[in-house]
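*Asks:* Chain residues, written in single-letter form:
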Amino acid sequence: MATIETTYRDALRLALTEAMREDDSVILIGEEVGVYGGAYGVTKAMIEEFGAHRVIDTPISEPAIVGAAVGAAMTGLRPVAELMYVDFVGMTMDQLANQAAKIRYMFGGQIGVPMVLRTQGGTGRSAGAQHSQSLEGYVMHTPGLRLAMPATVADAYHLLRQAMRQPDPVVFIEHKGLYTMKGEVDPDAPPAEWGRAAVLREGADLVIVSYSRQVHYALAAAERLASEGVEAAVVDLRTLNPLDFDTIRPMVEAAGRAMVVSEGVMTSGVAAELAARITEECFDFLEDPVLRVAGEDIPISVSPLLETNSVPTPDLIVDTVRKIGLGAAA
Amino acid sequence: MATIETTYRDALRLALTEAMREDDSVILIGEEVGVYGGAYGVTKAMIEEFGAHRVIDTPISEPAIVGAAVGAAMTGLRPVAELMYVDFVGMTMDQLANQAAKIRYMFGGQIGVPMVLRTQGGTGRSAGAQHSQSLEGYVMHTPGLRLAMPATVADAYHLLRQAMRQPDPVVFIEHKGLYTMKGEVDPDAPPAEWGRAAVLREGADLVIVSYSRQVHYALAAAERLASEGVEAAVVDLRTLNPLDFDTIRPMVEAAGRAMVVSEGVMTSGVAAELAARITEECFDFLEDPVLRVAGEDIPISVSPLLETNSVPTPDLIVDTVRKIGLGAAA
Amino acid sequence: MATSMTAPRPNTRLYDFYREMRRVRTFEERVGELFVRGQSAGSMLHLSIGEESAAVGVGAAMQAGDTFTTHHRGHGIFLARGAEPDRMMAEIAGKESGYCGGKGGSMHIADMSLGHLGANAIVGGGIPAVVGAGLSARNLGTGTVSVAFFGDGATGQGILYESLNMAALWQLPCLFVCINNQYGMGTRIDRATANPNLHERAAAFGLSARTVDGLSVEDVADAAEEMIADARAGRPGFLAIDCYRFFGHARKDKSPYRADGEEAAGRQKDPVSAARTKLIVSGLASVEALDALDKEIDAEMDGAIDFAVAGTEPPMAAMFRDVYAPGEPEPEPVSARLSRVLARD
Amino acid sequence: MATSMTAPRPNTRLYDFYREMRRVRTFEERVGELFVRGQSAGSMLHLSIGEESAAVGVGAAMQAGDTFTTHHRGHGIFLARGAEPDRMMAEIAGKESGYCGGKGGSMHIADMSLGHLGANAIVGGGIPAVVGAGLSARNLGTGTVSVAFFGDGATGQGILYESLNMAALWQLPCLFVCINNQYGMGTRIDRATANPNLHERAAAFGLSARTVDGLSVEDVADAAEEMIADARAGRPGFLAIDCYRFFGHARKDKSPYRADGEEAAGRQKDPVSAARTKLIVSGLASVEALDALDKEIDAEMDGAIDFAVAGTEPPMAAMFRDVYAPGEPEPEPVSARLSRVLARD
Ligand SMILES: Cc1ncc(C[n+]2csc(CCOP(=O)(O)OP(=O)(O)O)c2C)c(N)n1
Ligand SMILES: Cc1ncc(C[n+]2csc(CCOP(=O)(O)OP(=O)(O)O)c2C)c(N)n1
Ligand SMILES: [Mg+2]
Ligand SMILES: [Mg+2]
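Protein chains in written order, with this note's numbering: chain A, 1 to 330; chain B, 331 to 660; chain C, 661 to 1005; chain D, 1006 to 1350.
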């Protein structure tokens, strides 16, 4: 295969399909992954190719879905479990954090739990407080869980392929606002190293560190800022565990300014970690504190106006940079 | 009542008992809170005074315990639910984060959920990976949930009394290592304002910000440091939501150095938030990055040696301060 | 129940049931319209068409002061318990004039004054709250019952069994109503469980439990009356109501996973037309009278759409409100924090 | 099963059962000693004395390759499936020579080579893993069965019902074994549920389900053999085993919530002495032979204590190992991070 243009959704399906063709031990398990084809269509028609024993529709039992995936992963299968919304992760946190994440450690390294938990999060569909969250912070705070959050079509494919090869449990969070996004991917090209951030834009004035959909907001903001004479670099973390500081450190040291952009709520979340970490690593080079542009510390409303403004927007990113004294207002 | 000397455990019981005497709508609900008297003895003999309709022993059903408390709180009772270990919060996160925390907001302010979820966490009993965690980070990352973590006997009493008067859900996390600690409390004295941090030690060289058991480790470390000529202030946050920066800001600005000490795992946890926040608030005054002394990014072992060293110790605090170039090594 | 009608009408239970069921159905049809007109907040709209007897039959058996929670398909239930269609539709449109000021939407409608403790977007999420409400009723001696409404899909959720067990153990005034429309999204009940006789599970926990055919709203109401009376006396129950989900799971789902024949057959189980036919055949109401009633209801529900469309989105200032109680400081907006941080010198 | 005995012995099933049950009991008594000697890692030690027939009866019915998970009271089960007492006791003491290198302890013992997918400190936490193991067995065609062992207390946990439902729906080779020792900590089963006939719940989900009296290990084994054969053929089951928890919940609990009379009566339900008596009465073994066996076992278990006590704590270097797979970078220790941060200039 050469480079193809496709959507984030189809790139995900391609990754799942190829892995299932290559390895009989890969199974999909979750609500509506089979006959329905996935709530967001990612697994469409896969049950027809792979059958109901490998594409497993479940009852609405999130805790046991994750728990069954744990047991399957310990006994020879490579389960890709699906949580329809990351908002449901709360009911699975015991199986995820007390079982999947700790089994290798508690049992002294005897065995791992090579499973992927695919899910999706974020705002954008007026889906309300229980279907619009960005809960990667819970996952990132749990040692033992890898965490991947693709922002691009190419990463939808490659990160998912890589996630399915990890020896440890990976939580793989897609963004509901990206499924129909188009982009290019070369499935045969060697992917970027797992755990390595991608520099999507260079820029000498400021480094914006982000992941998932907010990467696109950051890029849009950077474009606008460029027209105002400010050059912002944009880094897509791709994975939050592992977390790549080797890429970020020299960039921030050079620019002297960093902003982190995350859709998760600000307090005690991913943005806090990134800000604390960048500060630790680059303290002497920083001209300002690392700027946290993150989700508001509130639930998400169904009202589209409130929903949109409950998480960072390109406007907020631009306005913040202007406040630094860079750009238009400067 | 005047000042009494008592234990953390008994101070908690006193708070619960007085509240139940004053207000018939207060109930306790949880596993073993009644006949057994609580796994750590906090509710000992309370069922005898208040009866089984108010001190409610439950089946082992954490999700429904929290869910029932939510419903009770919405319909006129003042439930104090108990999770035997904070490690079980994973299975209740849906009821806690999607229901209790969001009900007021989702329903447009119609009603609140005035419940307290009492639980305990931390290391110290060789209880292993699933009974030794410090999971306040999950709670602090959830808008809508108040979070109190008493370090002293006086706060065990006063914070719990205050928690039971809050209009919103409060997660109240005790420390299993403190139950037998003795101290003084005057139940009749007006308590410190809810949400206000306590300065337990003044010191011009460094501000150590902590909460729960680590406050005592910080105080012990500060004592040792004082003998080396370093004066460290120690702040006990008491509540993590609300979070009091008005107390901390001038202290850090004056000292120019801050350390945060938390038993929770470092990455994306409470220490990250505190470090990020202090940096934001006091950037121009900081001579070093805020130092994060936190739980290791690993599960807790049952082996006492590994367990002890998986979370901050007074030694680690002292050594870190020495590394700054303050104290003995300087 | 809040409906304003002018023409004299037969004073029978079945007629009232028909009227309420028709109101539910027409309301739901209008929700569909709202969506098509691009006026709904999002597409996560779950219509209860085909399930009206559950809402109305059980709703009629409840009393003032009784409380309830619903699942995501709960419009009909709330209507049957007295909701104003205007404010419901406005909420579904995400407007400030809605029940929750536009923050909740279709899946999070609630109204404390009518005992509605809340719809829920988490399957099973609202069930344990009725256990808590049952504790309140018991301890405060209110004499009220609390009813959990949920779908067959929620029988996959462990929290249901935890709740059933507690209610039975403590003999709480609770009723668990499972609206079995045969589907959880695209999964037919026989692909979700090996034993679709759902009430047997509740019986095993010690509740009085039964299944009733939702085709007859009178049967539903009879069962509900008995079981609610029992619940009020401390004998909690579980009532499964068999029906059929006429349309897709949510607005965009066309149910490709169902054979046409199955849908056609399923839609025969129509409690609204069954009630209508019975009213006419038994001479309790004339076709003309019912047509007139239907028109009245059409007008009522058209009014709800107009009300919703005319509403405004909640103001930005509402965003930070209601996270905590009135009087508590609101969370600091990100932009305010950033301004503060950057304005430091 | 790993026991090294020298004397010739009667080759009967009951004798073997007795031996294994006695080994379990003696092991547990030694665990108590380990604690008293201050050599156990902590006090969260849950002894299975009184429950030996469950471990041994079901354990004997399992085959090599079959997998299982246990609850926190799982020493006996693992012994019955071939565990080495030495390494178990060392794990309980938190020593490097233990099954999990001293990281897991009593509540997290596991051994993949013997099919032990892990004990669990979360009540109910290990149950869904057998559903996953059942999927593996089905998809990979291994012909193995996976057994979840848990206490009556776990019937409060919703995840049990989710797991039962899945196993029945997918006809997986799973057996759910509920060791009903009448108590969850201080809560007697009749204070935890309105219907203590626990197997009825599983039946309602479509599993074959029954209760057996744990006094007779032979009865337990018969039931388990049948149900495991059924499970292997795709008919999952639920087996409740009635017994009595002889001592407190954990080492420090003296069961003040139980009347003396109740305990005395409960301890009559002793599967070990019942088997012993039957062996003697039926002439299958002499008192002397059994005494000799008991002594052998005493020596074996004394050896386990010695082995555990002689072991060393895991080295500090083990702390950051096994969070992720070998070859993956280990998490950076806090002190290393701080050194790096502070050494920046
Ligand atoms: C915990 C949880 N899991 C999954 C979903 C997604 N979901 C929403 S409705 C639904 C089907 C529910 O079926 P049922 O309970 O029968 O209700 P119905 O839609 O048929 O009225 C699913 C899977 C959800 N909202 N919450
Ligand atoms: C999820 C969870 N809740 C509570 C506890 C505390 N706890 C440990 S054992 C136990 C009682 C369990 O009873 P049962 O399942 O009958 O097992 P038994 O102890 O009788 O063997 C409780 C409540 C726990 N470990 N995990
Ligand atoms: Mg349904
Ligand atoms: Mg028990």
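Treat each hint with caution, since some may be false.
[Claimed, not checked] Residues of chain C clear of chain A, computed beta-carbon distances all greater than 12 Å:
(1) 801
(2) 857
(3) 870
(4) 906
(5) 923
(6) 928
(7) 948
(8) 973
(9) 979
(10) 997
[Unchecked claim] Within a straight-line C-alpha distance of at most 25 Å, the following computed DMTMM-like cross-link-like pairs (lysine to aspartate or glutamate) qualify:
(11) 182(A) <-> 958(C)
(12) 914(C) <-> 48(A)
(13) 506(B) <-> 1258(D)
(14) 929(C) <-> 890(C)
(15) 44(A) <-> 913(C)
(16) 1257(D) <-> 378(B)
(17) 44(A) <-> 958(C)
(18) 374(B) <-> 1038(D)
(19) 176(A) <-> 850(C)
Simulated from the structure, these hints should not be mistaken for lab results.
Where a beta carbon is used, it is the ideal one built from N, C-alpha and C, also for glycine.
*Asks:* Would you mind marking each hint as holding or not holding in the structure?
*Replies:* Each hint tested on the structure:
1. 801: holds, 33 Å
2. 857: Per Cβ check, residue 857(C) is outside 12 Å of chain A; nearest 15 Å; holds.
3. 870: The claim stands: residue 870(C) keeps its Cβ more than 12 Å from every Cβ of chain A (closest is about 22 Å).
4. 906: holds, 18 Å
5. 923: Non-interface label on residue 923(C) holds, nearest chain A Cβ at 15 Å vs cutoff 12 Å.
6. 928: holds, 24 Å
7. 948: holds, 41 Å
8. 973: Check fails; 5 Å does not lie beyond 12 Å.
9. 979: violated, 5 Å
10. 997: Residue 997(C) is in fact no farther than 12 Å from some Cβ atom of chain A, at 8 Å.
11. 182(A) <-> 958(C): violated, 44 Å
12. 914(C) <-> 48(A): holds, 19 Å
13. 506(B) <-> 1258(D): Between residue 506(B) and residue 1258(D) the Cα gap is close to 17 Å, so the pair holds against 25 Å.
14. 929(C) <-> 890(C): violated, 28 Å
15. 44(A) <-> 913(C): holds, 14 Å
16. 1257(D) <-> 378(B): Holds, at roughly 23 Å.
17. 44(A) <-> 958(C): violated, 39 Å
18. 374(B) <-> 1038(D): Measuring from Cα to Cα gives roughly 28 Å; hence the hint is violated.
19. 176(A) <-> 850(C): violated, 30 Å
Of the hints listed earlier, those the structure fails to meet are numbers 8, 9, 10, 11, 14, 17, 18 and 19, in rising order.
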